[in-house]
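Q: Each chain is listed here by its residues.
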Amino acid sequence: MSFLPFAIAIWIFLVGLYGVVTSHHLVHLVICLSVVQSSTYLLLLGIGYRTNGAASIFVDIPPNTKAVDPVVKALTLTDVVVGAAVTALLLALAVQAQKRFGTLDPDELDPLRD
Amino acid sequence: MSAGEGPARRRDSEISFATRRRLFLVSGAVLAALMTWALAGMPAFGDYHGIYGLLLNRVAVPQEHATNVITAVNFDYRGFDTLGEEFILFAAVLGLALILRERRDEEEGPPDDDAVGRQVSGASVAVRLITVALVGPTVLLAGYIIAHGAITPGGGFQGGVIAATALLFVYLGGEYLALRRIRPLPLVEITKATGAAGFVLIGIAGLIWGVAFLDNWLPKGTPGDVFSAGTMQLLSVAVGFEITGGFVLILSEFLDQTIVLRRRRGARSG
Amino acid sequence: MEKLAPLAVAGPFLIAALFAISMPLSRRRDDIVSIVTASAGVVFVGAMLIDVLSRDVPVVTWVGGWQPRAGVALGISMAFDPLSTSLALLAAVLVCAAFLFAWRYFATPGPIFHALMLVFGGAMAGFCLSGDLFNLFVFFELMSVTAYALTAYRSEESGPLQGALTFAVSNTVGAVFILFGIALLYARTGALNLAQIGVALAHGHADGLVVGAFAFLCIGFMVKAAVVPFHFWLADAYAVAPTPACVIFSGVMSDLGIYAIARVYWTMFDGPFHAHLETLRLVFLLFGGVTALWGAVLCLAQHHLKRLLAFVTISQIGMALIGVGLFSTEGIAAAALLIAADGLLRAGLFVAIGAVIHRTGSVNELRLYRLGRQVPRPLAAIFFAGALGLAGPPFLGAFSGKRVLEHAAIDVGHGWIIVVFVVAAILTAAAVLRAGGRVFLGWGAPAEDDPIPFGRPTGSEVERDDDEAEAETTGAPDTTPPVMIATAGALVAGGLAISLFPALVDKALDAAARFTDRAAYAAVVLHGAKLPLPDTPNLGVDALAILFGLLSVGGAVGIALAVLSPRHRVRELVPLRLRGPLRGTYWAVRRLHSGQAGDYVTWLSVGAATFGVLLAAATR
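Protein chains in written order, with this note's numbering: chain A, 1 to 114; chain B, 1 to 270; chain C, 1 to 620.
So here's chain A without its partners, still in its complex pose (with noise of 0.2 Å):
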């Protein structure tokens, strides 16, 4: 039971990573990237969990209460952040594909080839 949420976050990475793999849609693709992502927030906030713990916002509670790690918190916060910011980027770049080149499925874009 404990291992459960590591358990998760390793099979929300391999799903969202096999979605990549065999997209045929570069808006799915980019939603699956998204989703690789995430398992990374679960990962983190999973090993700052405490049993019984309150979160790390002592405006309502006495300062010495037990409470959740905000170390975690705060670098999920960061990493939702990266994610949006790639998310964007990346759908822009769909946005252009669409545009110019008709097609959304990355298998069909053209590299430059020598």
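Just so you know, the hints here were simulated from the structure itself, not pulled from any lab data.
Even glycine gets a Cβ: it sits at the ideal position worked out from N, Cα and C.
Certain hints may be false.
[What the hints assert, rightly or not] Cβ-Cβ distance ranges computed for the label pairs, FRET-style:
1) C/Leu286 / B/Ala33: 16 to 26 Å
2) C/Ala617 / B/Pro219: 53 to 63 Å
3) C/His527 / B/Pro219: 29 to 39 Å
4) C/Ala617 / A/Leu4: 22 to 32 Å
5) B/Trp37 / C/His527: 29 to 39 Å
6) B/Val59 / C/Arg27: 47 to 57 Å
7) B/Leu187 / C/Ile32: 21 to 31 Å
8) C/Trp416 / B/Thr19: 28 to 38 Å
9) A/Leu4 / C/Asp56: 45 to 55 Å
10) C/Arg69 / B/Pro219: 18 to 28 Å
11) C/Ile32 / B/Ala40: 49 to 59 Å
12) B/Ala40 / C/Arg69: 29 to 39 Å
Using the hints provided, position chains B and C relative to the given structure of chain A.
A: What follows is chains B and C alone, placed relative to chain A:
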């Protein structure tokens, strides 16, 4: 949707799609085993004994007079990370603007994917009323969240995103085109850049004051007060500006693409 | 002085933000501001380097003034030791060079380009100098995002679009691996500071979690460094990114991945893994060797000049990884010297190629046959000098790095790897020399007798390459701006000069000794204490090194001449029976670079799985 340059089909690759999938399934299974083996060495879920977190929980309130320890971590103890993170969004928005900026062979025009002669009704009166009515409170809520970042859950990032969603309300109410005519785009960009620059300047102020970069040198007040926690509140506001500007830019670039920008007929493609 | 250190990062950030505000500034002012900021960065980091070299210990500064309490780090540290500061200096120099080059190269870059480059420069400085694991990750991601944005500069063409896409997808997956590693280490040690984690891990043994953490961190950094099989994105991206950005990408960004592997190992994992060094070496030598050879073989038949240099980059990353993978002081010193010399040379070559593109509008070697004669003579000389430097002739270019690497390899009993990197050096230099011969000297007519035995691109591909090139620059002008020639010359001269000074080798060895001393690092970061420095050997130049140097240059020149000769000599050297299978395998390997993101991520997973299994076996 605009047409491509003729039938694009999946190009030949050295490995077929089926091979790709099989390769991935095998390596994915191996990775799963590896990860499970690695994560098996972790302390049990709920059994947290890390020094860093426990120490910060104990000292953040008396030291920094901030009751929201997470904000204290983000804007004070690990403020350098937040600087980097803020600029990640900054760079992503710049990149997005670079990619989606209007090209020489595009022009603005009304959306043309409606069928000819079809009557398109705008949003209903109820929707328009509610969305426009919500814009104000949303911005107010965003301001509240940003200002109370060091006290209650929230902070610059959260508040900034909330403020940006006010734009989405306008879009839902069908008023986006109207807003766009009066939308001060330079103002949005200035907001974003000011937020980014502001963060750095506050950090540098710490240097000028004689202590370290990003030091929390302002008076800390009493915990629970809006004007507490020193530079944290200022940094929160700076980040709020930057995130608001950034997300409004992202949303408006995407909305522009769907509604407004259409390639000029017969232009050279690709 | 060290309190000002974060300015190396924050300074460029501030100017970049100001760029974004003052959109309507004139083009000229944009260029001047960027060049001045970049130069200021070089001066600042240079001053820090001089400061560090004058002391015996790394200089540590805590951002926000958070001094550690009883060995527990509260904030984020920046640690300046000679190696990391030199790398930061290299990055700063290349950013400055890129701006100087872009000044005359671009038609209308706009302030967005300048802002992105400045943020990129600041991020690289932060990455090199960071002493905190998560901070390392944040700057890694910042470097990556700005790089994606810069690669997509002309995303209306299919090449840049696809290149940026595979770049972003591959590196993001790599970043997720890094986060997994960070999470594992945090769970075990409760810390994010490199030194503190090292102390906490030092007395434990290498169980699944520690091995897994190291594996995931290395996988992520190897994606960035483009080690085979994580490298597919690089060939596409570096070929289509705007040339000033390529100067930085190729010159230093890829090397940062190798630096990170070394940094992470020597501050954190040396404790638990010390008993397993022998087997660890084998794993890293395998990956490094394959990378070196793969890049070298594939660059031989590239005719797109930027893509050719991309494969040269991959090959040399392999050599740097070999240096790091020897897990010794000498190995680190060798890698440092190689990164410095090869990085400057590659950057100079990119500037030279950029000047050719600027003048002729074409980037394809076959199309450029003889057209390089329009370019001023000095530029051709610089190009050839750079190419020779890659081979490492005695006392020039990569020579110092190679001879220290030879020593290091023999000292740990893996002398066989010398063959691998000498062959790689020969092949890469030969490819660049061949390109130079065709473009600047008009040798090796491409039309009917194609000297490359395995095929050539069709006409339409050649044309498309040129469309890409032309769109980027200010059209085909009459003269090559002197600033481009000067920049290329300065970079190549710098790269060649690395091996002119034997004192540099001693300095590199001292720096490496400090770099590999985990206990001393932890002592100075967490307690401000100073531990004595271990002695380093004195490596004189010996006859074997000179022999290898001459062999490399001779081999490179010989192969280039053979390939350029009008008769089918190369083809006739290969026995008839082998030609078919060889050609088949060669084309199969080339087609693996399919341009499809799904394929690249698949190979990434295969590589990750393989690396993880090998590492687990090596540390059992």
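Q: I'd like to know which numbered hints this structure contradicts. Please list them from smallest to largest.
A: Nothing - there is no hint that the structure violates, so all of them hold.
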